[in-house]
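Can you make the complete structure from the sequences, with help from the hints?
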Amino acid sequence: MPDLLFELFSEEIPARMQKQASEDLKRLVTNALVEAGVTYEGAQAYATPRRLALHVVGLPARQPDTREERKGPRVGSPEGAIQGFLKSAGLASLAEAKIETDPKKGEFYVAVIEKPGRPTLDLLAEILPATIRAFPWPKSMRWGAASTSSASLRWVRPLRAILATFGAETEEPEIVPFEVDGLAAGNITYGHRFLAPAEIRVKRFEDYAAKLEAAKVVLDPARRKEIIRQDARNLAFAQGLEVVEDEGLLEEVAGLVEWPVVLMGRFEDAFLDVPGEVIRATIRANQKCFVLRGPDGRLANRFLLVSNIEARDGGATIIAGNERVIRARLSDAKFFWETDKKVWREDREFARLERFRNVTFHEKLGSQCDRIERIRALAKELCAVTGADPKKVNDAVTICKLDLQTEVVGEFPEVQGLMGRIYAGQIGLDPSVAAACEEHYKPVGPGDSVPKDPVSVTVALADKLDTLVGFWAIDEKPTGSKDPYALRRAALGVIRLVVENEVGLPILPIVTFAIFQPLAINLSKEFGTINAFEHLSAALRDSAIDAKARHELYVQILGPSSQKVVDEISSATDQKSADLLSFFHDRLKVMLRDQGARHDLVDAVLGNGEANDDLLLVVQRVNALGRFLETEDGKSLLAGFKRAANILRAEEKKDGEGAFEAAAEPAFCREPSEKALLEALSKAGEAAGIALGKADFEAAMRAMAALRGPVDAFFEAVLVNAEDPAIRRNRLALLATLRRVTRQVADFSRIAG
Amino acid sequence: MTALTHGPDALRPDRSFQGLILTLQRFWAEKGCVILQPYDMEVGAGTFHPATTLRALGPRPWNAAYVQPSRRPKDGRYGENPNRFQHYYQFQVILKPSPPNLQELYLESLYAIGIDPAVHDLRFVEDDWESPTLGAWGLGWECWCDGMEVSQFTYFQQVAGQECAPVAGELTYGLERLAMYLQGVDNGFELNFNGLEGDAKVTYGDVFRQAEEEYSRHNFEYANTEKLFRNFAEAEAECRALLAAGERGEGERHRQVLPAYDQCIKASHAFNLLDARGVISVTERQSYILRVRELAKACGAAWVKTEAGGAA
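Protein sequences, first through last, are from chains A and B. Read in order, the letters of the first sequence are residues 64 to 816 in the working numbering. Read in order, the letters of the second sequence are residues 25 to 336 in the working numbering.
Note that these hints are calculated values from the structure, not bench results. Ideal Cβ positions, reconstructed from N, Cα and C, are used throughout, including at glycine. Among the hints, a few may not be true.
Which stretches of chain B does chain A cover? Using the computed rule of at least three CB atoms under 8 Å from a CB of chain A, they are [unchecked claim]: (1) 120 to 134; (2) 140 to 151; (3) 155 to 165; (4) 170 to 176; (5) 238 to 246.
Straight line, CA to CA, 27 Å or less: simulated DSSO-like cross-link-like pairs of lysine-lysine [claimed, not checked]: (6) Lys-404(A) with Lys-98(B); (7) Lys-98(B) with Lys-397(A); (8) Lys-405(A) with Lys-98(B); (9) Lys-611(A) with Lys-443(A); (10) Lys-150(A) with Lys-168(A); (11) Lys-611(A) with Lys-698(A); (12) Lys-627(A) with Lys-427(A); (13) Lys-202(A) with Lys-98(B); (14) Lys-427(A) with Lys-351(A); (15) Lys-288(A) with Lys-89(A); (16) Lys-167(A) with Lys-134(A).
Structure representation (structure tokens):
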């Protein structure tokens, strides 16, 4: 069966786009074929810096024939209907139509439309140019004389040649006949830009790949990667070194060369004073070279570059050139490093923090300086629950963003945090304080580790809460796929910090406090004098987070005329806080679901009627509930609960919502099982209440477990809907009590099963 | 002046800075470019020369090459950094429409200055170019020679807010860096400028070190910021006034674009100096850039109403 070989030869395609582009090419062409009813055995796409290629194997020579029967009007229908039918079916006269008989409808016309399949070559001559014109490059451009017209072809960089052949192994393949913007498809490609630039005439994929290889082009990116990986390892091994593996860099470098040749260069030992991460960042970001480490794990004074040619001099010139550039880059890095160290050594009072006044964090959220002070206030509040040393936390907040002012971070943003830690360590700051510079950004994503040191935990929480609260306060919440400030990540970070460190932190008061604070400060600017503003700021920092007390304080400071506005802000604060809390709950659900927890259990726990703003407790409850439901008691109690809830729902429809919420009376308990249940409920309710008060969820679950027997016995012995209305009402009241008591733990009605 | 006794070697591109410039000029002249002289104003890059910014617009073919002294006040290092100067040279080539063999022409020009692709690793690495102040962007690459960026290669898509139709190809050679590579020196000030040796040798440092020192002081310490703020505002107003004065209405040619564009260049340089002096806050910065861009766009819109801009 015939194969298709399709190559789009262009000027250099950005490395980062090649993989997606080759996948898109394969998807677009094969989808269009399938759409046309043409099946194929397999397809494989390739990319190099100068070409996208596609090989589709096992195509039929023709599209399959199709046959369609189209029902027409009844025999003897008006002329208009007949003509319409003929036209739509493409028939010249009624003689070409069949007549069929239906027992109900009588006789009517049927057109049989037979479409012979078209040659696949013709289809390709439509599909391939359409694919080129509609290609989804992330960024595309126009070029050359043709670009005088805005309708000219767009491609990622100028498209120089199109190769498209179609044919079976045994025959001379045909060129797919089409043209795009004056560029006709042919059977010609070109080899390596420098090593073998001549034209290559190609038949099919097999000779294409082989001829390219001979012309110093490795077509398959996966193979180029392997060649680089292996050659790099071998070169390193020969020197007793090890490559610092870097998959992202490998991928990129493989997209920059058609004929990879790995070479080793060196740099002066003196540069090794600079932290390894900085050397690596410099060499990686600017030069796209790999670094190496010695047997002791320390960075070696070597690097690996991947060149695109087999040089006439064996690569000596290329190595020398790269060494010069790397020397210059490392000189810069070393200079930055020394400058930064000097600044940290000399400005021990951190007077340079003042510079953050001129750095805007967000137009509506003030400067970086304002932000640091907000983090400070929050972190101070948090020390009580994290158990961190407030002095260390305060110091950590002071320096945690300071590395943003360093030369090294200015040059290599990816070492932000790490540099703060290194510089802080250099001047002998407490290791916890230094570590917080790096760790307060963590966890950066779901795969990142969570800090354990209480100082880091505290600053990390304050940093993330400030971000969330700030953007909530100004209504910049994530919507759909848009989350420009990475607020989902921040919320997940908060959750993981409290859960993994078992920090019991009711976030509602702290969030309310933090949302209220900037609003109130704005308010004071409007109402008060500077004096009042300062007074207020101090009060905000020092006051406990009792909403009422704070409210009174504001009115007192700002004067009675502010009463109404303070009220408004208070209620806006409450609404925003509640909204932010539900955002946390959503993130928590996503996280637990990703960890394999049942999200119905999360819903059940969140349905317990409380604020659930202590996320650690929520998680513990979910876990305890999950374990309980694994037990026989749990399963059986759930079944009993469901039965009770169903009955209640049916009866409440008759008697009205809340009809059975009055306490059940022992006087109306006719059967022993009713009395037993009443007692059990009262005991379990009390025990669960006490246990929950101590956040002892296992004990709360045990209290629930004690209900299983009495509930089962109750349903065994009695008919809830007794004839005597008083008895019926009392039994239903028992069930409503069961619903209330269990709800302290979780809303069982939300549990599946 | 006595005649210098030197062989033709002194003007080899790998022997002297001026030899490099002369070789590039000759190369592009032979390819049919108009060899222009630098624009006589302070600009941040060769792109600002009206021979690029304005001539890139409109349908008329245009092939030009020139050296442009460029000033980036913030890059001053008091003559202490061997790689970074507040005044440096760019060699600029603009070809409209971009010819189909532009990459080959570029590589040929490298060969002409002594970079042989048989021993050097030459690469086109993605680098999308954008000039926020000029309202311009294009796609292209930074061109690497053995890991060093030696040129910028751009297919202009939009300049001064106008779509390029047809697209022009722009090449920018960083002359100092290229010369350092060719001459094998690590310190820009040690570049041989005239290709002579011994007492007759003139280095890049001989010509420019004092200027780097003085201008760094000027850019960071002495430049009169009040005057610069005023200059900015005046240039902005003058640009708009000239554009208004040259406008002749629907279907008529515009008569004051080049003088107006000079004012846009002035505003841009005043802004660069103010920025170096550190008197523009982060938020203001954005708005100044925007103001220059608005001027550039207004000039671009007027240019296409001139003869050279292709108006009927």
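Hints, verified against the model:
A stretch counts as covered by a chain when three or more of its residues have a beta carbon under 8 Å from one of that chain; for the stretch 120 to 134 of chain B and chain A the count is 5, and the coverage holds. Coverage of a stretch by a chain is defined here by at least three residues with a beta carbon nearer than 8 Å to that chain's beta carbons; for the stretch 140 to 151 of chain B and chain A the count is 10, and the condition holds. Look at the stretch 155 to 165 of chain B against chain A: 4 of its residues bring a Cβ nearer than 8 Å to a Cβ of that chain, three or more, so the hint holds. Note: the stretch 170 to 176 of chain B has 3 residues with beta-carbon separation from chain A under 8 Å; the three-residue rule is met and the coverage holds.
Counting residues of the stretch 238 to 246 of chain B whose CB falls under 8 Å from any CB of chain A gives 0; the rule of at least 3 is not met. Restraint check for Lys-404(A) and Lys-98(B): the C-alpha separation of about 23 Å stays at or below 27 Å, so the hint holds. Proximity of Lys-98(B) to Lys-397(A) is assessed by CA-CA distance (about 21 Å); at most 27 Å being required, the pair is judged to hold. With a C-alpha separation of about 22 Å, the suggested pair Lys-405(A) and Lys-98(B) falls inside the 27 Å cut-off, and the hint holds.
In summary, the hint linking Lys-611(A) to Lys-443(A) is supported, as the alpha carbons are separated by about 21 Å, within the 27 Å threshold. As the CA atoms of Lys-150(A) and Lys-168(A) are separated by approximately 23 Å, the hinted pair is consistent with the 27 Å bound. Among the hinted pairs, Lys-611(A) with Lys-698(A) is inconsistent with the structure: their alpha-carbon atoms are about 45 Å apart, more than 27 Å. For the given pair, Lys-627(A) sits about 24 Å from Lys-427(A) by alpha-carbon distance, which is consistent with the 27 Å threshold.
Taking the CA atoms of Lys-202(A) and Lys-98(B), the gap is near 31 Å; set against the 27 Å cutoff, the hint is violated. Proximity of Lys-427(A) to Lys-351(A) is assessed by CA-CA distance (about 39 Å); at most 27 Å being required, the pair is judged violated. In summary, the hint linking Lys-288(A) to Lys-89(A) is supported, as the alpha carbons are separated by about 21 Å, within the 27 Å threshold. For the hint pairing Lys-167(A) with Lys-134(A), the CA-to-CA distance comes to about 15 Å; that is within 27 Å, so the pair holds.
The structure shown violates the earlier hints numbered 5, 11, 13, 14.
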